[in-house]
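Trainee: Protein sequence lines correspond, in order, to chains A, B, C and D. Per numbering that gives the first Met the number 0, the very first residue in the first sequence carries number 0; after that it's consecutive. Per numbering that gives the first Met the number 0, the very first residue in the second sequence carries number 0; after that it's consecutive. Per numbering that gives the first Met the number 0, the very first residue in the third sequence carries number 0; after that it's consecutive. Per numbering that gives the first Met the number 0, the very first residue in the fourth sequence carries number 0; after that it's consecutive.
Heads up, some of the hints might be wrong.
Pairs involving identical chains hold if they fit within one copy or between any two copies, as the list cannot separate such chains.
[To be verified] Pairs of lysine to any residue, SDA-like flavour, derived with a Cα cap of 25 Å:
{"no.": "1", "residue 1": "Lys-286", "residue 2": "Arg-153"}
{"no.": "2", "residue 1": "Lys-286", "residue 2": "Glu-150"}
{"no.": "3", "residue 1": "Lys-337", "residue 2": "Gln-216"}
{"no.": "4", "residue 1": "Lys-223", "residue 2": "Gln-313"}
{"no.": "5", "residue 1": "Lys-223", "residue 2": "Val-19"}
{"no.": "6", "residue 1": "Lys-195", "residue 2": "Tyr-171"}
{"no.": "7", "residue 1": "Lys-227", "residue 2": "Phe-172"}
{"no.": "8", "residue 1": "Lys-57", "residue 2": "Val-176"}
{"no.": "9", "residue 1": "Lys-184", "residue 2": "Tyr-383"}
{"no.": "10", "residue 1": "Lys-418", "residue 2": "Arg-219"}
{"no.": "11", "residue 1": "Lys-223", "residue 2": "Gly-173"}
{"no.": "12", "residue 1": "Lys-22", "residue 2": "Glu-398"}
{"no.": "13", "residue 1": "Lys-195", "residue 2": "Arg-153"}
{"no.": "14", "residue 1": "Lys-57", "residue 2": "Arg-82"}
{"no.": "15", "residue 1": "Lys-93", "residue 2": "Glu-316"}
It should be emphasised that the hints constitute simulated quantities derived from the structure, not laboratory data. Everything numeric in this text was worked out from a predicted model, so none of it was measured.
Number of protein chains: 4
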Amino acid sequence: MKHFEQNESGVRSYCRSFPVIFKQAQGAELIAEDGTRYIDFLAGAGTLNYGHNHPVLKQALLDYIESDGLTHGLDMYSLAKQRFLETFNRIILKPRGMQEYLVQFTGPTGTNAVEAALKLARKVTGRNNIISFTNGFHGVSLGALATTGNEHHRGGAGVNLNDVSRMPYANYFGKDVSTIAMMEKLLEDPSSGVDKPAAVIVEVVQGEGGLNCASAQWLRGLEKLCRKHEMLLIVDDIQAGCGRTGSFFSFENMGIKPDMITLSKSLSGYGLPFAVVLLRPELDQWKPGEHNGTFRGNNHAFVTAAAAFEQFWQTDEFAQSVQRKGDRIRARMEQIAKRYSAHKLFVKGRGMMLGINCPDGESAAQVCEFSFENGLVIETSGAYSQVVKCLCPLIISEEQIDQAMDILDRAFADTFADKQVNKAS
Amino acid sequence: MKHFEQNESGVRSYCRSFPVIFKQAQGAELIAEDGTRYIDFLAGAGTLNYGHNHPVLKQALLDYIESDGLTHGLDMYSLAKQRFLETFNRIILKPRGMQEYLVQFTGPTGTNAVEAALKLARKVTGRNNIISFTNGFHGVSLGALATTGNEHHRGGAGVNLNDVSRMPYANYFGKDVSTIAMMEKLLEDPSSGVDKPAAVIVEVVQGEGGLNCASAQWLRGLEKLCRKHEMLLIVDDIQAGCGRTGSFFSFENMGIKPDMITLSKSLSGYGLPFAVVLLRPELDQWKPGEHNGTFRGNNHAFVTAAAAFEQFWQTDEFAQSVQRKGDRIRARMEQIAKRYSAHKLFVKGRGMMLGINCPDGESAAQVCEFSFENGLVIETSGAYSQVVKCLCPLIISEEQIDQAMDILDRAFADTFADKQVNKAS
Amino acid sequence: MKHFEQNESGVRSYCRSFPVIFKQAQGAELIAEDGTRYIDFLAGAGTLNYGHNHPVLKQALLDYIESDGLTHGLDMYSLAKQRFLETFNRIILKPRGMQEYLVQFTGPTGTNAVEAALKLARKVTGRNNIISFTNGFHGVSLGALATTGNEHHRGGAGVNLNDVSRMPYANYFGKDVSTIAMMEKLLEDPSSGVDKPAAVIVEVVQGEGGLNCASAQWLRGLEKLCRKHEMLLIVDDIQAGCGRTGSFFSFENMGIKPDMITLSKSLSGYGLPFAVVLLRPELDQWKPGEHNGTFRGNNHAFVTAAAAFEQFWQTDEFAQSVQRKGDRIRARMEQIAKRYSAHKLFVKGRGMMLGINCPDGESAAQVCEFSFENGLVIETSGAYSQVVKCLCPLIISEEQIDQAMDILDRAFADTFADKQVNKAS
Amino acid sequence: MKHFEQNESGVRSYCRSFPVIFKQAQGAELIAEDGTRYIDFLAGAGTLNYGHNHPVLKQALLDYIESDGLTHGLDMYSLAKQRFLETFNRIILKPRGMQEYLVQFTGPTGTNAVEAALKLARKVTGRNNIISFTNGFHGVSLGALATTGNEHHRGGAGVNLNDVSRMPYANYFGKDVSTIAMMEKLLEDPSSGVDKPAAVIVEVVQGEGGLNCASAQWLRGLEKLCRKHEMLLIVDDIQAGCGRTGSFFSFENMGIKPDMITLSKSLSGYGLPFAVVLLRPELDQWKPGEHNGTFRGNNHAFVTAAAAFEQFWQTDEFAQSVQRKGDRIRARMEQIAKRYSAHKLFVKGRGMMLGINCPDGESAAQVCEFSFENGLVIETSGAYSQVVKCLCPLIISEEQIDQAMDILDRAFADTFADKQVNKAS
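Work the whole structure out from these sequences, hints included.
Mentor: Structure representation (structure tokens):
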């Protein structure tokens, strides 16, 4: 451990919650140096939807490397990239009526995809302002950070974060207040002080923001507003996409058609750095190389991504299994929430992007700590880190789910069973 | 080719110069779909210092993948990361008296490392302004882009790029004008309008800016200025580092001690996305997770990076071979430049980061086009894309160098032999 | 007229509504070149609360000029300035329990006072963000303009207007929605994306914004929020202050104690350029000369301002007359609004800051045009210029009020009597 | 004095150097409460070119006030404004071939005129960036402050000052370095990082910056650069204009034709707040009211300004007297500078905008303090407040000049006669 303590910056964070050294990982399991196995309910913060080192993807990657396939090629054409484009179009986009979207390979991080989308939106519309939402998280490079809500991350900027108007997310002011109607009034009013935005950037489920969900109706209202005021609709599907909510895109069957979509995290399928922006063809007003980056051609990721599409998305089976497992997890969560209802626990999220809202960050942290000690890697999210977030690999078995939920059950018992109800909460 | 043309954004750029589909790559060679082999004088824009798919690194990576080593682990502790830290400290930092630098694992792209360094500099100093230089290139996410000089990239921002004061690089106004003295006057003068900067960010050799070189004297002057005005000195060694100039860091033996150093590109040794910021321990004022990112734990890259340190940097031999090969290339370049001296060609750069300055971008493009048709992948850089840039893998053989230089020789002949001298140039 | 048309910029605006050349003015009357007299229901947009060329103020000014009193003295001490400070403290501040407020003489325009207040708030708190409200108007120099809501004025900036979070004013979303509660949620939530503000800047009645009024309860809620989050409360009383609402300050008897107050417009009493910021002593962290300006010592304005304090504010009489006249005007307005209730006319405002809300800007403009043709100078305000605004001198006689209201009555009749009801409105 | 100390903000500054209360002023003299007379070598920081309370202007103002002439009229047409436009065009603009310039009446302060000019430049060109110069002073509202060089004033902003590129003024790096050539290189170079500016804003003599002068050649070079890069040329003639340098505009006979000119300070002739922007007709792309302000129709100032044009500018006589008096002052200054040449004193400035550069701010302050104690009001300027600045009314008599220079002579003797030469200086 001394190498980390002596040589790594104090900015490191997850390792503080899980102070062991991991050596291997398989499927839904992480294996520490000493052989201890942990069920992984963090899954790389949503990056490992198909689990760790999935054997099919692994074999595809090994074969590619063995054969000296092009590893790094800037944005040059490669067979691996061609295969990615072909499978992505055929297996993912076309069946969803989205085949006309163009793929921009950005730097291989979510924040870079967001930067690219914001730049393009401003360029195409000639406007500066971007609407982003309370509790939204879109990354921490300067352009993306301006759209991110979290003050912990914003505080790191060191300069003013500008050119963004913050709007309340769905249900931010409760079920009875339409935040769409609010935005509408602000956008209609020529004296509201809200400059006409280039775009709205929105997460369909706010992963870092605490698993807040937007309904189809809210999203359609948002899209309508976008059309009326000629703002582009950017769906940031970096955490909620790639199957996490039970469909490849989080907004499927919701009746909207985003102008741009950002994808990253689980896109490579193997945890390899990869990110893209999908964009409507008429928006593709980039000049060659205008947004560039050294690693926008990570061919290993192309290989595993294509393999993942073929493995998981040729039929509906995988999506259905996600729904089913999500229901299984949710049922157990609802039980827990009900049991400690005096503490106002409740379940949040959708598909396999679920969490239990605790009264505060301290109790949520206590749950996670107990869980880790008992073999479950799990983390919190939300404004107060108050949501215990279950973000396991989608390929997890039902046995593993049950095992993990048993640990979680005991963790909640340990935390809440004898706890005084906080009157103020 | 249709998949690219139909499904990829027009932002793609290198592929336009090299319109073939690559399938494999070995050492200093790229291999197209039809088996044609090209010598690679682009090397992933400086990412492939050890060549494509180096067998030792490849084996280390295959072994790691085979064994289900942790691929993606956020910023959790892993054996691979531990080994990276240990070898990096032992083989690279310690022998250079730099063992106290801490390593921050940022998002795995150069631009993200720059974003992190700028944020930390502003945070630590409580100042906003950053000095960056004419012709500097530091990436295209919003924070980094503000420090980048190129108007093509700046034009993509869509918003004002601020909080940066631009200063003239070494020799920008000719050999006789000390740009250090200029900066000094501007920084001393309380009414100059140049706000006290948090930091200076500088490349020792400007890769994208056209291979402009700063001398040791200039850098020491810059460091002195930094100390006097309590500005941090950030060396962006993303392109010039990792051996490119003949030593691991581009500033070795120059008598400076940067406050922060950004590394990326060739750091993984295998073309895998990876970036770090090195920082003096007293600057490590990050709160845990304040700058974060999904892929800051790319364990494959840790594995190949550690293997590369052990393979290439345990003795001086590799560094010496770079110097030697650099001399070999430079000698051929000088011949070419001399032959067409009527066109005012001249050689720029240092180590194996070399180029020939042409009178304009058109002739430089013609040289590259001819080269590609004859089996050499090579690109331009500089404000007018007027520098034909030789950025081959450092492990290239002397035979390959000679072969490549022969092609280049013919390319210059084809371009300049009968060309009218442009009187205006 | 040709001198204006040939030599003045097209930015001129009021003259377009009142295309005559004025030569003289007395009390509530403007006199054109040809002798035509107009009742003035515009009053210099709230600058002429004591009417044009009030004889007492006029004599004081004449005496001062005759005696070669200091006219311009930067921020040097002068007898006239001393008398201003003395009378202002004795007659205005002390009786209201506000004697500890310090006076900052800014450049002699409202926008400059706002600039100074915002700068000081940011300096004192070390924060950047400012909360300003929908439909707020605070001036058009760059710092103030960022807080102004109107897109017509914002569009003139030519650069991004930043460092301001826009919040909904009192009743912006209707009577049933507490915008204070909304702000509270956004400010409490560490992940809302609303950075902690240095200050809130608010008008108690929004003059340019269409005569929207904040209640005492709303203002107290706002002040409480300010205290809780350590934001300063700046009341911009430039238009609503100096007696316009029936008390010297618009917020008297509302139970709040602003940290800073901006005053201008009617402060000199004679239409002379003058502006100040009042500030709590503990906020006075200015360095000498840090905010400066050539005309911050307009001694003529000091003379007339002091005379106005003595003439109008030594007893309650004047304030009471304002209330009475306000009631008189409002009664007539209510009649008009009721008569054309099919068009959903309604009365807005407080004291002698009143207006009739028309269904659209076109009909309001028609009312004003008819009025001018019949001897009444009157203008519109509001997001759609839809409010016919009665902003007459406070010293107007009841006869003049009746005369003006008769004209207005006919103007509304002319505009609405036979007008189709706009179903869409 | 207690009213000031108890009730005025500590931002006050000039009064600290001249701690007496002034009651009257005539011509070149200020008269304190106790009857002490001071010769005024500050002249309202250049606002009182025609002296205090000039009898002819005074009579015109008294007559106007007596007759109830319109005092405040927003931007409505008035006889006084018409007369201003007519005399300004006939007496000032036409004889200088500048009759086509349009007049924009901005808020009545220099900083507001600068704000308007910058806004219009950005609006017309569609660019954000402005070039301003080292040691330039253009006001302290946020837009203007960004172009001002002084860190004391910039430090008051509380937010980042952006969208300005700072360039070295004429001779900033010594007589041998062409700062025009430097700017040219930066503007030509597409990778310099200096974004194409909307405009350049420049003072022909830098009043606050320490009386640095630009030559005709330098200005023509700057104009040429503006034309080539389609940047507008804005001359800020607020302090150097209205006769100060020996001609109405400071740039007369220099062979340039600015796109915009800002005037304020001495424009009204009587010390009354007044400012305008002059602009080429093709630039007048303002929408009505887009830049507005309550006091842009200060009719008292129109009256005295028109009277001043007629009194002083119908013949060449006044301008010639300025040159003559300037020479008289300069001769005495050169004597002083020579006498203490060991301290490297030297004379700076042009016309009647002159000063003696001292080795540091302390000695300059000592000179001013001694002078004030002996009946001369005089101040410093420059980056280090090191220039003793002679800015007396242009109507000063030769006797008063001699009297003042005698005092100054003694002040320098008192300060420097026995002073050790500062070796470091």
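Trainee: Next step is simple, just say for each hint if it's right about the structure.
Mentor: Results of checking the hints against the structure:
no. : hint               : result
1   : Lys-286 to Arg-153 : between (31 Å within a copy, 12 Å between copies)
2   : Lys-286 to Glu-150 : between (35 Å within a copy, 12 Å between copies)
3   : Lys-337 to Gln-216 : neither (28 Å within a copy, 40 Å between copies)
4   : Lys-223 to Gln-313 : neither (32 Å within a copy, 58 Å between copies)
5   : Lys-223 to Val-19  : neither (49 Å within a copy, 43 Å between copies)
6   : Lys-195 to Tyr-171 : both (22 Å within a copy, 19 Å between copies)
7   : Lys-227 to Phe-172 : both (24 Å within a copy, 20 Å between copies)
8   : Lys-57 to Val-176  : neither (48 Å within a copy, 56 Å between copies)
9   : Lys-184 to Tyr-383 : between (30 Å within a copy, 13 Å between copies)
10  : Lys-418 to Arg-219 : neither (42 Å within a copy, 38 Å between copies)
11  : Lys-223 to Gly-173 : both (22 Å within a copy, 23 Å between copies)
12  : Lys-22 to Glu-398  : within (24 Å within a copy, 42 Å between copies)
13  : Lys-195 to Arg-153 : both (23 Å within a copy, 11 Å between copies)
14  : Lys-57 to Arg-82   : both (17 Å within a copy, 22 Å between copies)
15  : Lys-93 to Glu-316  : within (18 Å within a copy, 54 Å between copies)
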